[in-house]
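So you can see what is in the structure, the chains are spelled out below.
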Amino acid sequence: MKKKEKKPNFSKSHKLYVRRLRRDKFIVIFFRIFVLVAFLGLWELLTYYKVLDPFFVSSPSRIIKQIGTMASNGTLFSHSWITLYETLIGFGIATALGYLIAVLLWWNEKVRKIFEPYIVVLNSLPKIALGPVIILWVGAGTNAIVLMCVLICIVITTMSMLSAFLSVEEGKILLLKSMNANKFQILFKLVLPSTMPEFISVLKINVGMSWVGSIMGEYLTSKAGLGYLIVYGGQIFKIDLVMAATVILCILAFAMYYFVSLLEKHYGTSRGKG
Amino acid sequence: MENLLSFSQVNYFYQTKKDEIFALNNINFDIEEESFSSIVGPSGCGKTTILSLTAGLLKPSSGKIVLDGEEQIDSKKIGYMFQRDHLFNWRSVWKNITLGIEIQKPQNKEEKLAFAEELLKKYDLIGFKNKKPTALSGGMRQRVALIRTLAMEPKLLLLDEPFSALDYQTRLSVCDDVYDIIKTEKKTAMLVTHDISEALSMSDKIVVLSSRPATVKDTLKLSLQGETPLKKREDPEFSSLFDYLWRQLSNEEKGKET
Ligand SMILES: Nc1ncnc2c1ncn2[C@@H]1O[C@H](COP(=O)(O)OP(=O)(O)OP(=O)(O)O)[C@@H](O)[C@H]1O
Ligand SMILES: [Mg+2]
Chain A
1 MKKKEKKPNF SKSHKLYVRR LRRDKFIVIF FRIFVLVAFL GLWELLTYYK
51 VLDPFFVSSP SRIIKQIGTM ASNGTLFSHS WITLYETLIG FGIATALGYL
101 IAVLLWWNEK VRKIFEPYIV VLNSLPKIAL GPVIILWVGA GTNAIVLMCV
151 LICIVITTMS MLSAFLSVEE GKILLLKSMN ANKFQILFKL VLPSTMPEFI
201 SVLKINVGMS WVGSIMGEYL TSKAGLGYLI VYGGQIFKID LVMAATVILC
251 ILAFAMYYFV SLLEKHYGTS RGKG
Chain B
1 MENLLSFSQV NYFYQTKKDE IFALNNINFD IEEESFSSIV GPSGCGKTTI
51 LSLTAGLLKP SSGKIVLDGE EQIDSKKIGY MFQRDHLFNW RSVWKNITLG
101 IEIQKPQNKE EKLAFAEELL KKYDLIGFKN KKPTALSGGM RQRVALIRTL
151 AMEPKLLLLD EPFSALDYQT RLSVCDDVYD IIKTEKKTAM LVTHDISEAL
201 SMSDKIVVLS SRPATVKDTL KLSLQGETPL KKREDPEFSS LFDYLWRQLS
251 NEEKGKET
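Residue numbers (the numbering used here), protein chains in the order written: chain A, 1 to 274; chain B, 1 to 258.
These are calculated hints, taken from the structure and not from any lab test. Just so you know, even glycine gets a beta-carbon here, dropped at the ideal spot from N, CA and C. There's no promise every hint is true.
As the list claims (entries may be wrong) - Below 25 Å or equal to it, Euclidean Cα-Cα: the simulated BS3-like pairs (lysine-lysine) are:
#	chain 1	residue 1	chain 2	residue 2
1	B	109	A	177
2	A	265	B	132
3	B	129	A	265
4	A	189	B	205
5	B	109	B	205
6	B	131	A	265
7	B	76	A	189
8	B	18	A	189
9	B	122	B	112
10	B	112	A	265
11	A	177	B	76
12	B	221	A	189
13	B	77	A	177
14	B	105	A	183
15	B	187	B	105
Claimed, not checked - Here are some of the chain B residues that sit facing chain A, going by a computed Cβ distance under 7 Å:
#	residue
16	84
17	244
18	246
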């Protein structure tokens with residue numbers, strides 16, 4: 001980004017340097033693709049010549065065919081949408097609520113001290129253990145899945161953001177206090193903006209965690225969705241279906257991660273604590 | 001000239017869980033309007049505590065602090081410049097400089113903004129107005145921090161070792177700059193420093209503190225000749241004063257160890 005600003009009349013050594021950078025980048029990308037192609041090719045060959053049984057391990061061509069059929073009868077879209085929907089809602093609620101709780105705990109030291117041990121316990125609790133309770137409380141279905149997703153993301157959001165808030169430099173707070181700033185101003189002018197990098201890394205963690213949450217929720221209770229397809233495919237020994245759902249899952253999760261990293265680039269310039 | 005600030009019989013204790021730290025012991029001194037005073041003393045003796053009390057960030061355990069004729073400290077009259085510049089890297093230089101105005105929301109906001117802009121122009125930083133502080137050198141950052149302090153037009157500037165993060169060369173020139181800015185803007189300033197020659201070259205008055213709990217050991221009135229701090233260092237009296245202060249301070253440091 002910065003390179004574009006400058007005029008391209010650099011010295012020879014710089015040209016060489018840039019050329020080497022480009023070459024290194026090319027090598028990385030080349031081998032990245034090579035690994036994928038080699039893996040898929042080997043998989044396809046081994047199953048084609050029946051070294052591996054495609055009934056158990058499926059194969060790239062069978063996965064593509066499976067996705068093709070699902071795309072043509074519309075189930076691809078409907079199942080993906082259901083899981084994506086659950087994930088996005090869970091992600092949104094968990095991030096917003098977790099952030100808000102962190103702000104409240106930052107605001108009031110007493111409240112923070114009171115809740116500290118509970119948060120630690122909640123964090124180490126494997127949330128899946130709450131599955132049956134969740135279903136009892138909110139019933140089977142989308143609500144339970146979203147709730148599972150929220151539970152998985154929220155504690156880590158609160159903990160990470162709170163520790164970021166608390167590590168804001170004391171001297172900067174003193175500076176604002178010497179300007180007669182009130183607590184609201186300290187929060188909005190200093191604490192929140194200076195912890196933007198931490199917030200973005202929490203978003204990144206939550207992208208991964210929210211998919212774990214929604215798939216786990218679907219394992220627990222569901223009539224549709226990618227997690228449902230995976231469980232269902234496993235039960236009727238249709239490994240192609242399991243693999244196809246997994247591939248779609250990968251693509252969706254990656255897309256979501258990509259959007260968050262775009263956000264990071266946008267705020268990347270304002271990163272850093274001075 | 002009138003006194004802008006006076007400490008009379010000020011004591012201060014820090015409270016911690018384990019014990020009480022006696023930081024200031026019966027501190028008395030006056031700061032005249034438009035003067036430049038320095039506070040020197042061994043490390044950990046209570047210099048920053050004096051500034052924090054003046055800024056109203058702490059309340060004296062006993063005694064009286066009068067700022068501009070009032071016992072209730074009005075923080076709008078104070079501009080506090082810290083050892084580190086504490087510029088916010090996510091804000092532009094301009095947004096950093098106007099931070100105080102943004103927070104205090106004064107009625108004459110437009111005037112203050114215009115004044116801030118003028119300061120930027122006057123002190124050669126206008127070209128960096130929309131840049132992020134990361135694009136500045138250490139000396140420039142310190143000047144921006146000073147302008148941020150001046151932009152609120154405080155009556156009294158508190159400077160807590162503002163140059164200690166700079167290398168020696170930069171330090172000398174930033175010292176000159178800051179001195180010049182403060183004199184041009186006709187401000188009263190109180191500087192905390194470890195550096196005896198810095199204190200001598202900048203001040204009209206030096207308050208010497210003992211080790212903790214700090215008491216005022218000596219108050220020196222200075223009249224060294226020279227336009228700038230750098231020139232003042234060439235005054236013939238400079239070295240004898242330096243020796244005198246150095247001996248006083250090293251006595252204190254020794255006293256602390258035993
Ligand atoms: N918040 C605090 N709680 C407890 N004790 C403190 C606190 N702040 C300072 N002190 C103690 O009070 C004494 C004076 O501190 P102060 O920061 O005023 O010293 P100083 O002269 O500015 O030191 P330095 O030269 O290192 O900047 C020190 O011994 C310090 O340990
Ligand atoms: Mg100090």
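These are the hints, each one checked on the structure:
1. Taking the CA atoms of residue 109/B and residue 177/A, the gap is near 20 Å; set against the 25 Å cutoff, the hint holds.
2. Of the supplied pair hints, the one linking residue 265/A and residue 132/B holds, its CA atoms being roughly 16 Å apart against a limit of 25 Å.
3. Restraint check: the Cα-Cα separation between residue 129/B and residue 265/A comes to about 23 Å, which is no more than 25 Å; the hinted pair holds.
4. With a CA separation close to 37 Å, the supplied pair residue 189/A and residue 205/B exceeds the 25 Å bound.
5. Simply put, residue 109/B and residue 205/B have alpha-carbon atoms about 34 Å apart, too far for the 25 Å limit, and the pair is violated.
6. Only pairs whose Cα atoms come within 25 Å are accepted, and residue 131/B paired with residue 265/A is accepted, the gap being roughly 18 Å.
7. Distance hint between residue 76/B and residue 189/A is fulfilled; the C-alpha atoms sit about 19 Å from each other, no more than 25 Å.
8. Between residue 18/B and residue 189/A the CA atoms are separated by roughly 34 Å; this puts the pair beyond 25 Å, and the hint is violated.
9. Taking the CA atoms of residue 122/B and residue 112/B, the gap is about 15 Å. The hint holds against a cut of 25 Å.
10. A distance of roughly 35 Å separates the Cα atoms of residue 112/B and residue 265/A; the hinted pair therefore is violated under the 25 Å criterion.
11. Between the alpha carbons of residue 177/A and residue 76/B the distance comes to roughly 11 Å, so the proposed pair stays at or under 25 Å and holds.
12. Using a Cα cut-off of 25 Å, the hinted pair residue 221/B and residue 189/A is violated, with the two alpha carbons roughly 42 Å apart.
13. With a C-alpha separation of about 14 Å, the suggested pairing of residue 77/B with residue 177/A holds against the 25 Å cut-off.
14. For a cut-off of 25 Å, the pair hint linking residue 105/B to residue 183/A stands: about 15 Å separates their Cα positions.
15. With a C-alpha separation of about 22 Å, the suggested pair residue 187/B and residue 105/B falls inside the 25 Å cut-off, and the hint holds.
16. A distance limit of 7 Å between C-beta atoms decides the matter here; for residue 84/B the minimum to chain A is near 6 Å, and the interface restraint holds.
17. The criterion of a C-beta within 7 Å of any C-beta in chain A is not met by residue 244/B, whose closest approach is roughly 33 Å, and the hint is violated.
18. Proximity of residue 246/B to chain A is violated relative to the hint, the smallest CB-CB distance being about 30 Å (cut-off 7 Å).
The structure shown violates the earlier hints numbered 4, 5, 8, 10, 12, 17 and 18.
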